[in-house]
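Visitor: Spelled out from the first residue to the last, the chains are:
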Amino acid sequence: MAILKTFFYLLVYPGLVFLIVYSLFCEWFDRKTYARLQNRRGPLHTGKAGLLQPAADLIKLFSKEDIVPEKADRIMFTALPVFGLAIILTSAMYLPIWNYSMTKTGFNSFPGDIIVLIYLLSLPTIILFLAGWHSTSFFSTIGGVRVITMFFGYEIPLLLSVLSPAILAGSWRLAEIAQFFQANPGLLSVNVIGFFIALAALQAKLERTPFDIPHAETEIVGGTFTEYTGRKLAFFRLITDIEMVVGSGLIATVFLGGFPGGIFSSFIWFIIKTLFVIFLLSVIKAAFSRLRIDQMVRFSWYILAPLGILQIFITLLVKLKF
Amino acid sequence: MSITIPIGPQHPALKEPISLKMTFDGEIIKDADIRLGYNHRGLEKLFEGKSYVQNIYVTERICGICSHSHTTCFVNGVEKLLGIEIPKRASYIRMLIGELERVHSHLLWLGVAGHEAGFESFFMYTWRDREIVMDILEESSGNRVHYAINTIGGVRRDIDETQRTRILNSLKILKERTDYYKNLGTTEPSFVARLSGIGILPREQALSLCSVGPTLRASNIDMDVRKDDPYLAYDEVPFEVSTADTCDVLGRTVVRIKELFQSYNIIEYILRNLPAGDIKAKVPRKVPAGETVSRYEAPRGENIHYIKSNGTEKPERLKVRAPTLANYPATVAMLKNGFIADIPLIFAAIDPCICCAERMVEVKDTKTGRAEIKTFDELKKYSRDFYKNHKKIKKDTVWPF
Amino acid sequence: MGKKLGFFIPELWRHIFKKPATVDYPFEKLKVPKGFRGLPVLNTELCIVCKACERDCPAEAIEIRTILEEEKKFQMTIHNDRCVHCGQCADVCPTNAMTLNNEFELSEPSRWNMKFRYAYTRQLRKKSDRNVDEKDKEIL
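Protein chains in written order, with my numbering: chain A, 1 to 322; chain B, 1 to 401; chain C, 1 to 140.
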């Protein structure tokens, strides 16, 4: 029975099937919100209100011709999308969605899993860099270099901002942090600055406007993905979508009090909170213009990182008082 | 390490084919070279085979955005050759359509600038409001893009009272929206950070490189054909030449937004002081021999048509100097020492209309660099031989093969 | 960064509850304004075969052929694949036989479907029309 449960956990909910379906739904939600913010309609004709459009796009990409450039490193070029998808699916395992007992620790909930999750979330960035580098085309290489340059910008602020709730809760375990804030919802207001830093950093991690510098289409064509076609590109799209779900799940766990209750209520809370985070991400996407790479790094080191340190100071002060 | 990369002929930043050969040092542009000739349409030859009436519609198709500019420029020139004066009402309607066109072109440019800077929402909003102008134009001329309102000796359609009130009402909305975009485009921090300080073109350089239009006016030089050499009835209409002194892409944005307000004022003035009378004068089909140069301030800059007639129904020569062509030398100067990220913005800031500026193609042998004149059959034979001899392009081959 | 960070957000927020500006095109259509220059059509009863439209068409989209001279039978072909919808044919027509209608959805899978043929017998001219024709011969 335990084995069956683990399999259900891995493959159906909250594993593979749920993640793929939900990430496609999130993409639809993001596209629709983005369109409505711009006074457009967004996807409309595939399925009800265009709900199936992201799935249709994915299927279309899967059926397209798959080209490997002659000069590219064939093995790396093919393996990287698969690795990326595997890593991001693994990272989703650590989200405390359902059935975490605080006393009995399972394979996916242990003290320090927040660090593992952040580590796993940063790996796709390396995958993107390698993918750009191994494509060997000029635009891909530039895109790859930009990915890694941006990575040095946003990773520290993200870590700093995620750290402060952990300090406040006095735990390195996601489930415990979530439970702490469920018990003391008033303390969530301490982390408001951290929440916005984390949003900005997640936006940069997902490479969306204003941080879509690595694949700025008017500058460097497709950036990292210039040479990718067909199935491999579909994998990368899926990676970005799932990364959005996992990233917003992390923010929802740490800053919004997690997902309390049993299987159904935690499911509903997960949907509500992640969609809220994704809505905010869409607003950021619509409200700003793309930055230049030097402006982005300056922004994250001059503004985000000091704010993150300020957030930690505030947290420490609050912690001393209690 | 410096590398040379061709941006174009096919690139998402370029809406039409042109090749910008860039030499980069890291992310910084060290040298730029513009190669034209990907979009040659043989228009000037086409003009010679068509009558003056037909040529109105051919000149209209030089450009999709400044279609009215080209026809007005051409028609003004032909009327100069014929030595006739067009009715006052006709010249006012021409000016009205011309200013409406400037409004739609500048709103379009604002959207394009937003798109190139990755500001998609700005792009969507400006283009949505541009539809108001497009609707006005469609209603008053019968088409959204090619208005075809000019004819030799006047205009083809009149503006009636309902149209007049409708345009005046729409202008109110447009003014309000443009005021919002003025605030947005010049104060939104992430957008301004992208625009300011890039593509610097100092005053002296702008003059010596003969740039025209908003590119020139953004370098604080108040040159405008409408003021300097008034055509139609621009000497009767009060307006100011808008300039900016920042000499960068932000300055070009500011100039265009200022010009939008000037255009609204001109349209309002025209509609309130529209003289009564005929809209068309009778003209003969044959144009007496002679030659003339006609100038017009298109939304993108000064547009020049040179017309030579030989006393028949058809022109002997019609030379078009589109404003984009005059701005190319300045673009090369502006691109130097910029970032890769700024290429689309700097290039878009001159509002390039590439196929308007394509006047000739020279076929050169890439190995010897010798230019040859080839007939179409010879060219076909050459391409057949080329692909017979070069069966497969080997790995690691660098262009030219 | 300046103090106006997020300047655009109120405007975006205002629009999220508004009706979209875009039109769901194939299912709902915009009204075509009066005087729109669409598909050129010939009223064969009014045509006097002066060939002014053929002469002035910038795209050479109008072709008039004589089928039987003695019976005054003619055929006009309008090549809609070449037509640029400038409306010059309607302007020069002395009897208003050529008009441009409101149709704008003109695409066809093949260009041969876009050639409209009109075969007709030339009508006897009325007296009033003749004056117009004479006058317009040399002067546009």
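Careful: at least some of the hints might be erroneous.
[As the list claims (entries may be wrong)] Listing some non-contacts, in silico: residues in chain B with all C-beta distances to chain C over 12 angstroms:
id, residue
1, Phe24
2, Lys50
3, Leu108
4, Glu139
5, Gly142
6, Phe191
7, Glu204
8, Arg321
9, Gly369
[As the list claims (entries may be wrong)] Think about it this way: if two alpha-carbon atoms lie no more than 35 angstroms apart in a straight line, the pair counts; the simulated DSBU-like pairs of lysine-lysine are:
id, chain 1, residue 1, chain 2, residue 2
10, B, Lys258, A, Lys71
11, C, Lys72, B, Lys282
12, B, Lys280, B, Lys45
13, A, Lys71, B, Lys280
14, C, Lys115, B, Lys280
15, A, Lys71, B, Lys367
16, B, Lys50, A, Lys71
17, B, Lys15, A, Lys60
18, C, Lys115, B, Lys319
19, C, Lys51, A, Lys64
20, B, Lys319, A, Lys64
21, B, Lys15, C, Lys34
22, C, Lys73, B, Lys308
23, B, Lys15, C, Lys51
24, B, Lys50, C, Lys19
25, C, Lys72, B, Lys258
26, A, Lys48, C, Lys19
27, B, Lys280, C, Lys19
28, C, Lys18, A, Lys32
29, B, Lys175, C, Lys29
30, A, Lys71, B, Lys15
31, B, Lys182, C, Lys34
Because the hints were derived from the structure by calculation, they are not lab data.
Where is the CB? At the ideal position from N, CA and C, for every residue including glycine.
Visitor: State the violated hints by number, sorted upward, taking the hints as numbered earlier in the document.
Guide: 2, 4, 5, 6, 10, 13, 16, 19, 20, 22, 23, 24, 25, 27
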